[in-house]
Amino acid sequence: MLDWWLPENVSTYGKDIDWLFQLIYYITGATLVLVSVALVAFLWIYRDRPGRRARYTHGSTPLEIAWTVVPALILVLLTALSVPAWSRIKMTQPDTDFVVEVTAKQFNWQITYPGPDGRFGTADDKTLLDEMHVPVNKVVRVVLKSQDVIHSFFVPQFRMKQDVVPGREIAQWFEATKPGKYELPCAELCGFGHSGMKGWVYVHTPADYAKWAAETLTAATPPAGDAPRDEPRREEKAKR
Amino acid sequence: MTTEILEPPGVARPARGARIPPPPGGGDGDDREPAPRRPFLDNVRLAMIFLISGEIMFFGGLVSAFLVLRVSAAVWPPPLQPRLPVAVTGLNTLVLLASSATMLAAGRALRRRDGAALLRWLLATAGLGALFLLVQGYEWARLIRFGLTLSSGAYGATFYTLIGAHAAHVLGALVWLLVVAVLAARAPLLERRAGPLTACAMYWHFVVALWPLLYVAVYLA
Amino acid sequence: MSVISASAHAHVEHHELGFLRTYVFSTDHKMIGRQFLFLGLMMMILGGALALVIRWQLAWPETPVPGLGLILRETGGILEPSTYNMAFTMHATIMIFFVVMPILAGGFGNFLIPLMIGARDMAFPVLNMLSFWAAFVAGILMLAGFFVPGGHAAAGWTSYAPLASVVEYTGVNWGQNLWLISLFVLGISSMMGSINYITTVINMRAPGMSMFRMPLVIWSLFITAILLLLALPVLTSAAAMMLFDRVLGTSWFRPSGGGEPLLWQHLFWYFGHPEVYILILPAMGIASEILPVFARKPIFGYHAMAFSMIAIAFLSWVVYGHHMFVSGMNPALGMAFTVSTMIIAVPSAIKTFNWLGTLWGGRIRLTVPMLNALAFVSMFVIGGLSGIFMASTPVDIYIQDTYYIVAHIHYVVFGGSIFGAFAAIYYWFPKMFGRMTNRALGHLHFWPTFVFFNMTFFPMHILGIGGHMRRIYNPLQYEFLQPLQWWNVLITIGAIGLGLAQLPFVINFFWSLFAGPRAPLNPWNATTLEWTAPSPPPHLNWGGALPTVYRGPYEYSVPEWAEDFLPQTVPAARAGARRH
Ligand code: HEA
Ligand code: HEA
Ligand code: CUA
Ligand SMILES: [Cu+2]
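Chains as they are written, first to last, in the working numbering: chain A, 1 to 240; chain B, 1 to 221; chain C, 1 to 580.
To be clear, the hints were calculated from the coordinates, so they are not data collected in a lab. Any given hint could be a false lead.
List time: in silico EDC-like cross-link candidates among lysine to aspartate or glutamate, alpha-carbon distance up to 16 Å [to be verified]:
| no. | chain 1 | residue 1 | chain 2 | residue 2 |
| --- | --- | --- | --- | --- |
| 1 | A | Lys126 | A | Glu215 |
| 2 | A | Lys105 | A | Asp148 |
| 3 | A | Lys145 | A | Glu101 |
| 4 | A | Lys138 | A | Asp97 |
| 5 | A | Lys105 | C | Glu168 |
| 6 | A | Lys181 | C | Glu479 |
With the sequences and hints as input, model every part of the structure.
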């Protein structure tokens with residue numbers, strides 16, 4: 001039974017999507033049953049039998065109005081329910097101080113953290129390949145960029161998907177609700193390596209995250225002898 | 001092997017006691033007497049209208065793409081790019097517009113059944129069209145020498161694609177016009193068999209009318 | 001009593017045309033229609049073969065595809081990722097542009113329009129011939145792409161920029177160029193064809209054939225032609241821009257040169273959404289033709305049927321953005337497109353319920369054309385309903401680019417258009433080729449096709465809900481997809497069955513073509529004009545005068561008429577009409 005349905009949802013807005021999905025599922029399912037039953041019933045009841053003559057009618061205005069208006073109302077309802085969820089997910093950016101930059105390229109995800117100074121574009125930025133670490137229950141803003149073609153940032157369990165377009169920066173957000181390790185496939189055809197272009201999103205408990213960040217991000221002071229990296233760093237500090 | 005034949009087609013005959021007229025058969029009712037139809041536009045004109053609407057969609061695609069790039073560019077025209085020859089092309093626009101006038105004159109000559117005048121006006125139209133293309137070609141050659149090429153960014157790309165697409169259409173219309181002129185020279189077109197000329201003239205006017213729009217969009221705006 | 005109208009005095013002479021003029025460079029709309037039909041059917045073999053290659057790879061990734069070793073010698077028949085991309089790109093391109101469009105719009109459009117409106121030929125027969133040959137050249141160009149170094153186009157049938165517009169990103173050079181050139185040529189072909197159709201329908205109808213006495217299939221083809229006329233030039237312009245980007249170094253779609261990648265998507269879908277209705281409208285018309293004949297009942301709501309198609313045609317221009325909900329375009333636009341997309345489902349609802357209304361109270365005979373038409377109705381409904389999920393923007397975030405979309409595609413294009421095409425082939429075969437098809441083989445084709453079709457494409461919904469991305473070469477590369485893999489195996493078995501199920505069709509087609517029993521004038525007791533012409537109709541269609549039309553096309557089971565069908569050509573006086 002498990003593989004018949006949506007994968008487990010672990011994001012805040014995923015619930016809204018799943019709810020809408022199920023609503024449409026039941027509405028369309030009922031419509032399908034209605035239409036199919038009517039079709040099969042008519043085929044049986046009105047099958048050709050000797051002596052039968054078909055009913056001579058060109059239509060019925062009340063009926064036609066009914067089956068125009070009822071679907072229209074249902075569809076208006078679905079639209080009205082879709083719009084708020086959409087604007088919450090794609091048109092608003094909740095406040096957050098947790099920003100990650102994701103740069104897609106054929107065929108990897110480069111995940112960049114701002115480093116201890118909290119700013120991007122500085123030398124203490126830390127870039128990971130194909131893995132992203134985030135704390136649970138915290139709004140995460142993802143800034144998506146591409147170096148070459150269009151990719152798509154897709155985390156099935158977050159119900160999150162966004163194309164990554166070269167020449168643009170697209171900001172998205174999510175808030176994971178359950179620690180774990182989630183697959184991050186690329187969902188837009190991006191060349192021969194499209195299949196298999198994937199990474200992992202690790203959602204940590206706050207304690208785990210702090211530990212991980214301390215090990216990987218903060219402790220990322222370059223080992224001695226890394227001169228070329230040191231230069232711009234000092235400049236940065238001087239500017240401050 | 002069995003095949004799908006239902007009852008053999010019988011001769012249709014009314015049932016006994018048939019009196020009530022059948023209601024409209026899922027469409028216009030019986031009260032409409034069949035009559036020979038007199039189309040309000042002949043086939044050629046109608047077809048040309050549709051051809052031109054298709055062409056408008058084609059140029060619509062190009063122009064809207066151009067506008068998208070132009071609006072999203074920070075500065076337009078981009079710095080360090082040669083300027084387009086606005087004045088010369090403006091004059092050239094007049095040349096092309098004049099060719100529409102000569103085309104109209106050709107139509108009048110046709111209605112007068114004046115074969116010689118028809119041919120003259122057709123050739124004048126073709127001449128003006130050719131002049132337009134020559135000036136355009138000359139200006140292009142200069143722009144290329146100044147470094148504006150197809151591959152020099154969005155400016156060059158949009159300019160040459162749009163203006164080039166139009167030039168290709170003028171060229172096509174010119175060839176068509178010359179064919180019609182040859183036809184007219186060989187056997188003077190009678191008014192009732194003027195299909196080729198009508199079609200060509202409509203196309204010509206379309207190509208001419210398109211130009212000022214492109215001129216404004218690409219050269220002036 | 002025969003009514004001869006004044007305009008119908010065309011003199012019909014019998015003249016022998018040579019082989020070339022009759023079969024190859026024919027200007028006869030019927031021959032051109034047959035040529036389009038054959039072009040489509042031949043291409044379908046290739047498109048289907050590519051589909052099976054795709055399916056094999058998905059079920060048993062990276063194992064040799066049986067028989068493919070002969071072509072892919074270096075790999076011994078194992079697909080490489082780039083070959084896989086090429087396979088689905090060309091599968092879709094061929095199926096859409098060289099199967100469904102040629103068969104439905106090209107083949108049946110040409111064959112039916114003059115015959116059903118009572119014209120001797122198209123308005124511009126020579127243009128019509130050129131239209132076919134342009135399509136043929138486009139087909140050759142498209143096929144040529146398989147033989148150039150670098151392989152054929154591999155950026156999906158949507159060829160998104162910059163993947164498709166920059167050679168380095170795929171390594172495909174002339175393949176993609178030929179793809180663009182071929183579609184450019186096809187655009188010219190479609191322009192010639194659609195101008196012809198529209199002019200013919202407007203100007204060449206027989207006396208008495210008013211617009212609202214036209215059969216609905218003619219309405220559908222008329223509207224399709226208008227969509228073709230206006231939509232394809234947009235693709236043509238986009239294809240030209242992309243070709244320039246690739247060959248001449250322009251930067252329409254390249255961000256580094258000031259271009260805009262999303263521009264391609266806007267242009268493509270501005271064409272692409274009308275295009276999908278181009279694929280379905282003729283099939284809708286075909287179903288509206290066949291259901292009344294075999295239910296022996298007038299179509300339910302004729303005017304509503306015609307107007308809903310017009311509504312679809314109008315709305316199809318304003319919904320295209322539903323393909324771009326997560327493309328990065330302004331999300332506010334996404335809302336607007338949700339609204340319009342939901343609205344466009346309403347005319348389809350009207351049509352569906354009117355088809356049901358047509359069956360209600362009928363006298364239904366499940367002949368082979370009828371079965372296929374019923375399959376069309378039911379499968380189109382499934383495909384349409386899955387469209388509602390995608391129309392809801394939040395839901396589309398999740399299912400976009402998954403197999404849910406692939407399921408939708410195939411329910412509407414195979415379940416819709418191809419079943420419609422099968423219905424049309426079985427229904428008009430007697431008129432097209434003068435012979436009846438075999439009924440047993442017809443059933444042997446229909447039932448397995450119907451079952452295997454659902455076995456192939458229904459589980460794709462489940463894969464899609466599970467998050468299975470489309471256009472992936474090897475699902476086993478993803479941990480979350482591994483438990484779903486058995487669905488892929490099941491689907492592939494279904495697809496192989498679906499392929500095999502087409503064999504009876506091929507046999508039936510060719511056997512009937514040469515050895516089927518001769519078809520009578522009107523084998524289905526239908527009312528429309530084509531059944532008053534001989535089977536197959538001669539050059540110029542009607543020997544004597546053109547038919548005169550007295551009523552709408554669906555007069556079945558008229559109470560005061562003994563026969564259960566009252567042809568459009570029976571004069572009103574004889575039908576007992578008093579009104580004038
Ligand atoms: C013949 C082709 C055809 C047809 C007819 C349709 C019809 C519809 N399509 Fe489809 N579509 C495609 C072919 C087609 N489509 C293809 C090929 C793609 C993929 C392209 C690609 O990316 O490669 C696509 C993709 C596609 C998307 C983009 C998905 C994505 O990429 O994320 C969307 C989104 O809204 C969509 C929606 C719809 C809708 C709402 C309809 C509606 O017109 C359907 C209307 C019909 C019904 C709804 C059923 C009958 C009605 C009733 C029984 C009444 C009761 C119903 C209710 C009350 C709900 N389609
Ligand atoms: C009209 C359109 C059409 C048709 C008919 C089909 C038919 C089929 N399609 Fe396809 N498909 C698309 C349009 C179509 N498809 C599109 C638009 C895409 C998206 C591509 C993209 O992502 O870019 C797609 C993608 C697509 C995928 C997804 C690939 C991916 O995303 O990785 C798959 C996978 O299973 C698939 C499978 C099939 C199968 C098994 C069939 C089977 O139904 C085929 C069965 C048919 C045959 C085996 C041929 C039988 C031969 C005859 C009937 C000829 C008879 C001849 C004579 C009488 C002379 N298709
Ligand atoms: Cu990156 Cu697909
Ligand atoms: Cu669409």
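(Q) Does C:Glu479 sit within 16 Å of A:Lys181, going by the straight-line distance between their CA atoms? (A) 11 Å, holds
Q) Quick one, are A:Lys126 and A:Glu215 close enough, alpha carbons at most 16 Å? A) Cα-Cα ~12 Å, so holds.
Q. Within 16 Å, alpha carbon to alpha carbon, are A:Lys145 and A:Glu101?
A. OK: A:Lys145 and A:Glu101 at ~8 Å, within 16 Å.
(Q) Just to be careful, I want the Cα atoms of A:Lys105 and A:Asp148 compared with a cutoff of 16 Å; is the pair within it? (A) 6 Å, holds
**Q.** Straight-line alpha-carbon gap A:Lys138 to A:Asp97, limit 16 Å
**A.** At roughly 9 Å apart (the allowed maximum being 16 Å), A:Asp97 and A:Lys138 satisfy the hint.
Q | Given pair status - C:Glu168, A:Lys105, alpha carbons within 16 Å | A | Since the Cα atoms of A:Lys105 and C:Glu168 sit roughly 13 Å apart, the hinted pair holds (cutoff 16 Å).
Comparing the model with each numbered hint stated earlier shows that all of them hold.
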